[in-house]
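Colleague: Just so you know, the protein sequences line up as chains W and V, in that order.
Quick note: the first sequence uses my numbering, first residue 7, plus one each step.
Quick note: the second sequence uses my numbering, first residue 5, plus one each step.
Among the clues, some could well be false.
[Claimed, not checked] Pairs of lysine to aspartate or glutamate residues, derived as EDC-like cross-links and limited to a Cα-Cα distance of at most 20 Å, are as follows:
1) 361(W) <-> 65(V)
2) 361(W) <-> 208(V)
3) 197(W) <-> 151(W)
[Stated by the list, open to error] Residues from chain V shown here face chain W by an in silico Cβ test under 10 Å; the list is partial:
4) 212
5) 213
6) 216
7) 217
8) 221
Read the hints as simulated data drawn from the structure, not as lab findings.
No experiment lies behind these values; they were computed from the predicted model shown.
The beta-carbon is built from N, C-alpha and C at its ideal position, and this holds for glycine as well.
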Amino acid sequence: MTAVLTVEGLTVGYRTQQGLAPVVHDVSFEVEPGQVLALVGESGSGKTTTGHAVLGLLPSNGQVLGGRIRFRDQVLTELGPKGWRDVRGRAVSLIPQDPGVSLDPVRRVGHQVEDVLRLHTDLDARARRERVHELFDLVGFTDVERHYAQYPGELSGGMRQRVLIASAIAVEPDLIIADEPTSGLDATVQKQVLDLIDDLRARSGTSVVLVTHDLGVAADRSDRIGVMQHGRLVEQGPTSQVIADPQHEYTRRLLDSVPSRLAFARERVEVPESRETVVEVTDLRKTYGGVAAVDGTSFTVRRGETFSLVGESGSGKSTTARVLTGLTQATSGRVQLFGEDVTHLGRRGFRALRKDVQIVYQNPYASFDPRFDVYQVVDEPLRSLQTGPRARGRRQPHRDQVVAALEAAALPADFVDRHPRELSGGQRQRVAIARALVIEPKVVVLDEPISALDVSVAAQILELLRRLQAERDLTYVFISHDLAVVRAISDRVAVMRHGRIVEQGPVEQVFTAPRTEYTVQLLDAIAGRDLTVGVP
Amino acid sequence: MTTLVEQEQRAPAPPVPAATASGPARALRWLGGHWTLVLAVAVVVLVIAWALVPGAFASHDPIAVDPAGKLAPPSGEHWFGTDQLGRDLYSRVVHGARASLSGAAIAVAVGVVVGALLGAVAGWFGGFLDSAIGRGIDVLLSIPGFLFAITIVVLLGFGVVQAAVAVGLTLTATFARLVRSEVLKARTSTYVEAATTSGASTFDILRRHVLPNSIASTFALITVQFGIAIIWIASLSFLGLGAQPPDPEWGRLVSDGRNYIATRGWLTLWPGLTVVVVVLATNHISHHLARRDQS
């Protein structure tokens, strides 16, 4: 069989102020008809750049420095702009990363899909319209007439991604580059979108290059896997073999970082019933403008345990976190912390409790004042909550405590004088953890603390959180959309949907014997369950 | 068969950083790359020096009348020539900087203080206050600024300070709007929320987070408004509503020279050019600040 796409020795560089920086080195692979090749790697590994090079869509400062990209018998790397336009959309198409910004917000989605047909076919207006209806039907829209006339803003993220898929397959290309097609989508939606791509591939024999950071998705959906690191393809092979018997050390490390395979996931000791309750929420309701974000939730968290709230976007889990940290007040119901009723404490009244309740955000960098260095960031709780007169004269009065907190978060002491902007995502999250821990709180609310991080970094952060919990007897309220992560770290879990807790219980029970339909659906949507096979 | 494509664990070759030069050399290179900015700053520094110590730059008395030497063209003795009363024009331009610049400074100060206060209140408290202040700003913006300034001067009486206050009040709306949006942006940011959970008091949050982060982008606006204020004050003086004779002021000088524009063009040319150069310089600085703020 002849390959649809052959990439030989591809090297791509970006021009920067400091000269030419190569980001993809000597990458070679082939994709055969109907095959799915997953390019897996962490941020900065060059996987997206590789995908875009195949489409001739490198940013203006990007440049193919060497190697060849062959599509059937055409050498793409030798094409001029006109040749590219002819190939793109017709023969090779793209499902882009972010459906939120990939559609023109002021044009009807139907017309946007029609653009492809207008460019690459000679169908008349009526035929094009019919074809778009067909396509919308194919990608699973029920009311195609209505959706045809809608604007992107009226569609959810998953529906927008379907529109983009419809335009990617409009003229039945031979090859689709799917660049992180599901990142940012909820698990159940992710499953639907991936199923759709699978289905289309089976029907039309299209080849797919699936660019993803998620090994789970790659394991479930690809025939071959290519693992990228630092711009090099370090390993490639049939998916089952790469998963079962990884050859390269980096592949092994990636696999070991997948939450469901984390070693500590299987060695949790249950928190005894006898420990005191630190968080007690009774029939909590919170409405915004008449719409209930949280609609009657009740749960308790005992000292030293990790209680997870899991749900998809809009399920009310983050609102619950905001109520627990006193950032917003409950509309009704009761919230008790350490036995004290805090339901009607305002922001001012809650201040006394801040020493004991801290929060870590999803995006650490946004939670740091852009003008602050690491010392100022971590010092803030100490500075704000210290009692007695402020130490004057000394430039960094709490330097010792700040350094100790940084070291507890496994950061070197000299980070204290650096600026968060110089740090990596994982290091920034460690700084955020150091800030939360510097005043030695009892309860830490973790609001999606690892969703913005690469897998291997996320695994380290989880490990750090677990260690800190053991050392300091911390209580975690862990907010996440990722069930695999929740399973790795929690003692008990509550599944939220539309502001209600649909199921809660010990993590093993919820995961092995779910009692509601929705939990089953969620569990079903976890990507990469195959990855756990063969774990001792 | 799983193939091992790349065995070696080499880190990617980082882009070779430009040779890290020593401090002074780097500064020199930066200056070379921003020579227009350096020029603009030099112009502004020069006119500020004129305003502070005019005597150091011009030896003639700006109001000493010399009927014998009136309306003389530019020469070695009188660089910009003399006016209809024989006063040295260069000296008058240099001394005029004080009135023009202090007027512009007062105007911008009034604009910033009143505007930032209103904007901060609107942005921080929101709700009714925000609506009330917002509508007030809308009304202010709907009146042509210069007309509004003239009206205020007429109410306050003529003079540089009155003109400056009038111009300042018209600038208020722009500052208020900018500060409001900046405060709003900071108030709803995650880092302010994080500061709240860290236990910071409202006062501390305003002082340590909201204000410093809101102020940066106002600097660009301050410089550009400074230029506009110079023009407006000169314009008011040109109309006779600002500086009163015999005190020199740039707009006043243009106005005085107007009668001789056909035969003694330099009388309007030099003060006019001075205004143009200074305003262009402040605009350029503002442009640079705005760009840096964005990056």
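Colleague: None of the hints should be skipped; say for each whether it holds.
Modeller: Each hint, compared with the structure:
{"no.": "1", "hint": "361(W) <-> 65(V)", "result": "violated, 69 Å"}
{"no.": "2", "hint": "361(W) <-> 208(V)", "result": "holds, 17 Å"}
{"no.": "3", "hint": "197(W) <-> 151(W)", "result": "violated, 25 Å"}
{"no.": "4", "hint": "212", "result": "holds, 8 Å"}
{"no.": "5", "hint": "213", "result": "holds, 5 Å"}
{"no.": "6", "hint": "216", "result": "holds, 6 Å"}
{"no.": "7", "hint": "217", "result": "holds, 6 Å"}
{"no.": "8", "hint": "221", "result": "violated, 12 Å"}
Comparing the model with each numbered hint stated earlier shows that hints 1, 3 and 8 do not hold.
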